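J.: When you get a sec, could you build the whole thing from the sequences and use the hints?
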Amino acid sequence: MRGLDLGAMRSTATQNAGAFIGALLLIVLVVVGAFTIDGFWSVINLRSMLLFASFLGIAAIGQTLCALVGGLDLSIPFVIGAANIGALRVMNGGVPSGVAVVSILFLAALVGVVNGAVSYRQQGQALVVTLGVGTAVLGLVQILVSRQGTAGIAGGTIQGEVPGWLQGLVSLRSSLGVAPSVFLWAGLSVLTILLLRRTWLGRGIFALGGNRIAAKRSMMPELGIWVLVFGVSAVTAAVTGILLLGFSGGGYADVGQPYLFTTLAAVVIGGTSLVGGRGSYALTIIGALILTVLQSILAGFSLSAAGQEAFLGAVIIPMVALYARGQHPRMLI
Amino acid sequence: MSRPSAISGSVGRLRKQTTLVTPFGLLVVLLVLSGVRGPHLFTSDGLAGAIAAASPLIIATVALTVIALAGPAGVDLSIGPLMTFINISIVLGLTKVGLTGPVEVFACAIGIGIVIQIGMGALIAGLRLSTVIVTLAGYLILAGMSTVLLPQPGGIAPDWMSSWAAGVTIFSPALYVLVGSLVLWALLSRTTFFRNIRLMGGNNRTAFVSGVRLFPTLVGAHVIAGIFAGIAAVMYTGLISSADPTAGISFTLSAVTALVLGGASLAGGRASAVGSVLGAIDIWLISYVLATYNFGLNASYMVQLTTGVVLVLALLVGGLLASFSVSRRRRLARLGGEQ
Chain A
1 MRGLDLGAMR STATQNAGAF IGALLLIVLV VVGAFTIDGF WSVINLRSML
51 LFASFLGIAA IGQTLCALVG GLDLSIPFVI GAANIGALRV MNGGVPSGVA
101 VVSILFLAAL VGVVNGAVSY RQQGQALVVT LGVGTAVLGL VQILVSRQGT
151 AGIAGGTIQG EVPGWLQGLV SLRSSLGVAP SVFLWAGLSV LTILLLRRTW
201 LGRGIFALGG NRIAAKRSMM PELGIWVLVF GVSAVTAAVT GILLLGFSGG
251 GYADVGQPYL FTTLAAVVIG GTSLVGGRGS YALTIIGALI LTVLQSILAG
301 FSLSAAGQEA FLGAVIIPMV ALYARGQHPR MLI
Chain B
1 MSRPSAISGS VGRLRKQTTL VTPFGLLVVL LVLSGVRGPH LFTSDGLAGA
51 IAAASPLIIA TVALTVIALA GPAGVDLSIG PLMTFINISI VLGLTKVGLT
101 GPVEVFACAI GIGIVIQIGM GALIAGLRLS TVIVTLAGYL ILAGMSTVLL
151 PQPGGIAPDW MSSWAAGVTI FSPALYVLVG SLVLWALLSR TTFFRNIRLM
201 GGNNRTAFVS GVRLFPTLVG AHVIAGIFAG IAAVMYTGLI SSADPTAGIS
251 FTLSAVTALV LGGASLAGGR ASAVGSVLGA IDIWLISYVL ATYNFGLNAS
301 YMVQLTTGVV LVLALLVGGL LASFSVSRRR RLARLGGEQ
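Heads up: the protein sequence lines correspond to chains A and B, in order. Numbering of the first sequence is given in the working numbering, commencing with residue 1 and proceeding in unit increments. Numbering of the second sequence is given in the working numbering, commencing with residue 1 and proceeding in unit increments.
Just so you know, these hints were derived from the structure itself, not from any lab. Just so we're clear, the structure is a prediction, and the values are computed from it rather than from any experiment. Treat each hint with caution, since some may be false.
Said to hold, decoys possible - Chain A is faced by these chain B residues, among others (derived, beta-carbon under 7 angstroms):
1) 115
2) 119
3) 129
4) 133
5) 145
6) 168
7) 204
8) 205
9) 240
10) 266
11) 267
12) 301
13) 305
14) 308
15) 309
16) 319
Glycine included, each C-beta is placed from N, C-alpha and C at the ideal position.
T.: This is the structure:
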């Protein structure tokens, strides 16, 4: 089917080109920001950009893994929202905050297992599977939260006491220089990259996304890998949801909505193929940084939230068109 | 190699029949439930209201069907924001310039739908970008612009629109528009051009080798989607009689759910308007049945929960039915071989 050596060479070449253009784009954006916006280069703005990049980067770990096996996880925004309000409610229900976080992450993993198992069965439909599971989960969590609560839930927002350590994790005035969540992101990034490059499992993920039949013949546990990547995706989404809780100090069910687009965009701008088998998390990091810098610039031009949204949508297309294009069918014959 | 492809060819034909089982079965269940919970639906009044209320979703799902057919991974996530954008354009723009007659409104709505869909289709086909990314970008642009134009729900639609969608009698303009759209689809789906769309969605390599020109075919599929999106937006405007910039995401979600419920495969090449219409009616009936229960503040979360669960179950049941028919087909093929 595919010329093996040629295909491998081509994919390394496009990946290097992607990394190069991505890094160049990031530098250009930083320079543009520094010259056009007052205070862009200030310590506080750099810190806050890194903090926002860590929210996006952590959630994009899962999206990258899912894209590598050839699926997309559209449940990420819903899981972020569900973890966000769920964690707050559990913490305020008298459960120690550490236990609350662990149990929310565990529940998120279960959601991911469902996503992975059903998406594996319905090959090619991961997009709608995760959309369905995500909506159902957020609906259910909102019902549970509003049933239990004394304060109740109004318009998707709930009030409550956020533990100090969680606020400290995303604090811009941390004594470490940057918020501790940035270190968390760095640690998780190293783990993800090592997993993908150095382990049997990582090779399995690439193999599965590249050629299902070949992966099956080399005894890769297909179902296991699907369950694992979607499980990781739900857990990383939940981590972002909990971090956002610390940042905003209250629960909001729709807090994850922007991440539907930005996680996908970070993966695609990084040059990871959405049909699987080609890409890397290191490139997604560049994608996440590009998006965060871009958002900071747009905010610097004092665009409204809606205006920023529209503008972001408009600039993504040319960026993606630079290097994330598919092949013409005539190349595949 | 020849045997599996021969099998998959016949399976394709078989699947086309089995996919309707899920939406139709669900429809029967929901109709029985509605009969028990809210028999008002089966009165002349109730039916008239139902037609007016469900037609925007039905027509929007038909718009998604053609993009799903053109595949691969052809899911148009921008449908909801596109409809709200047209909705706002009608209520704010057209009333301002005084173009409020039915002909002008339909022409403008369909025109906007076509122009935006051509833009997205040209990007997808010309630059070979993924449909999900392009339509998500379209989603952001349209939703952002809608909110900039109209931050809060408001405005008043032209008078004739609200009376069209008031749902007083069954044979209302809403019904005529709905039937007209379906007739339009039936006519379009008999053209060679439409067969090319289907062929391209099934396998774009085969289509390319057979001389189908991929760029115009994909853009054409988007033009058809734009026409239906425009009609759906007019019906939606009539239904709410005002403009609402916030309805986009839930509309996208309902329409995509209806599409999948109707048996469309996002792998491309396989989707039917009949299935999509049944799927859309199912989605509307689910919210109708749920509304008969007293969930209070939880009502919208209940709809979210049920829609999501139904979507996943429909996929699973559809997959099971398909694999049954595959194994039956294989058994038959084996028997044939032994004779």
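J.: Would the stated hint for residue 305 of chain B survive a check requiring a Cβ distance to chain A of less than 7 angstroms?
T.: Hint on residue 305 of chain B: holds, closest Cβ of chain A at ~3 angstroms, below 7 angstroms.
J.: Using 7 angstroms as the Cβ threshold, decide whether residue 204 of chain B counts as touching chain A.
T.: 5 angstroms, holds
J.: Under 7 angstroms, Cβ to Cβ, is where residue 308 of chain B needs to be relative to chain A, so tell me if that hint holds or is violated.
T.: 3 angstroms, holds
J.: Using the nearest Cβ pair, does residue 240 of chain B come within less than 7 angstroms of chain A?
T.: For residue 240 of chain B, the interface hint is violated, since the closest Cβ of chain A sits about 20 angstroms away, which is over 7 angstroms.
J.: Restraint: residue 119 of chain B near chain A, CB-CB cut 7 angstroms. Satisfied or not?
T.: 10 angstroms, violated
J.: Does residue 266 of chain B meet its interface restraint, that is, does its C-beta lie within less than 7 angstroms of any C-beta in chain A?
T.: 6 angstroms, holds
J.: Minimum Cβ distance from residue 133 of chain B to chain A below 7 angstroms?
T.: 6 angstroms, holds
J.: Against chain A, with CB atoms and a cut of 7 angstroms, does the hint on residue 115 of chain B hold up?
T.: Since the shortest Cβ distance to chain A is 15 angstroms, the answer is violated.
J.: Regarding the hint that residue 168 of chain B lies at the interface with chain A, is the smallest CB-CB distance below 7 angstroms?
T.: It is violated, given that the least Cβ distance between residue 168 of chain B and chain A is near 34 angstroms, above 7 angstroms.
J.: Have a go at the residue 129 of chain B hint: is there a Cβ in chain A nearer than 7 angstroms to its own Cβ?
T.: Check passed: Cβ of residue 129 of chain B comes within 6 angstroms of chain A, closer than 7 angstroms.
J.: Would you check whether residue 301 of chain B satisfies its interface hint, that is, whether its CB is within less than 7 angstroms of any CB in chain A?
T.: 4 angstroms, holds
J.: Double-check residue 145 of chain B for me: the hint is only fine if its C-beta lies closer than 7 angstroms to a C-beta in chain A.
T.: 5 angstroms, holds
The structure is inconsistent with the numbered hints 1, 2, 6 and 9, although it conforms to all the rest.
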